[in-house]
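Which chain is which? The protein sequence lines are A and B, in order. Just so we're aligned, residue 1 is where the first sequence starts under this note's numbering, counting upward by one. Just so we're aligned, residue 1001 is where the second sequence starts under this note's numbering, counting upward by one.
Do not take every clue at face value.
[Unchecked claim] Here are the computed lysine-lysine pairs in the DSSO-like style, where the Cα-Cα straight-line distance is at most 30 Å: (1) A:Lys-27 <-> B:Lys-1057; (2) A:Lys-44 <-> B:Lys-1069; (3) A:Lys-51 <-> B:Lys-1069; (4) B:Lys-1042 <-> A:Lys-44; (5) A:Lys-44 <-> B:Lys-1057; (6) A:Lys-44 <-> A:Lys-27.
None of these hints come from the bench; they were simulated from the model.
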Amino acid sequence: NAGVMQNPRHLVRRRGQEARLRCSPMKGHSHVYWYRQLPEEGLKFMVYLQKENIIDESGMPKERFSAEFPKEGPSILRIQQVVRGDSAAYFCASSSSDLSPLHFGNGTRLTVT
Amino acid sequence: EDQVTQSPEALRLQEGESSSLNCSYTVSGLRGLFWYRQDPGKGPEFLFTLYSAGEEKEKERLKATLTKKESFLHITAPKPEDSATYLCAVQAESGGSYIPTFGRGTSLIVHP
């Protein structure tokens, strides 16, 4: 299966810990997007990256959140000093160009206790 | 203010009872409208892309149409396995990028 791979599927962190979410895009895709999904809010855009570049981070909180997509390896969404409000499903998607449809992974469900 | 509004929020159908889901949008300069299906605990699965008013796409029991203000996802003779949340997303130029904006979805349940 050459789809978008996210890990871990489930992640439990205590308040104040760090969460690292990983995403490997589909083969041949160089555009990566991160979205957060809450039951009452739907899918909300966080950040859009290409290899070694952040293209648009307008949806990402200014503090505690960061993202990278290095030349080699998966894209990482990092949340420092997690709080209970960070509990959500985080989805990664990839595409072959900025006008192509996005293909999603199955998400990482973060629970902050 | 929501740029993408989906209705109804939830829909219950009997097997074989055809219906339509609506996605209305207010963005200007639409580059594409996407439909996705999402099952519980899974990521959205891509269904269709529509680019211009009047365009239609079909896949099995699903047909998507597009006007200048909205899109419809028509479901003909649905089966229980069509039960899922259906999401639409619009893609328009904003600040030099084309980030898809999603609606909140329509939760569809098809009873046998």
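Hint-by-hint comparison with the structure:
Our distance criterion of 30 Å between C-alpha atoms is met by Lys-27 of chain A and Lys-1057 of chain B, whose separation comes to about 26 Å. Between the alpha carbons of Lys-44 of chain A and Lys-1069 of chain B the distance comes to roughly 22 Å, so the proposed pair stays at or under 30 Å and holds. For a cut-off of 30 Å, the pair hint linking Lys-51 of chain A to Lys-1069 of chain B is broken: about 35 Å separates their Cα positions. Of the supplied pair hints, the one linking Lys-1042 of chain B and Lys-44 of chain A holds, its CA atoms being roughly 16 Å apart against a limit of 30 Å.
With a C-alpha separation of about 26 Å, the suggested pairing of Lys-44 of chain A with Lys-1057 of chain B holds against the 30 Å cut-off. For the hint pairing Lys-44 of chain A with Lys-27 of chain A, the CA-to-CA distance comes to about 25 Å; that is within 30 Å, so the pair holds.
Violation of the numbered hints given earlier is confined to hint 3; every other hint is satisfied by the structure.
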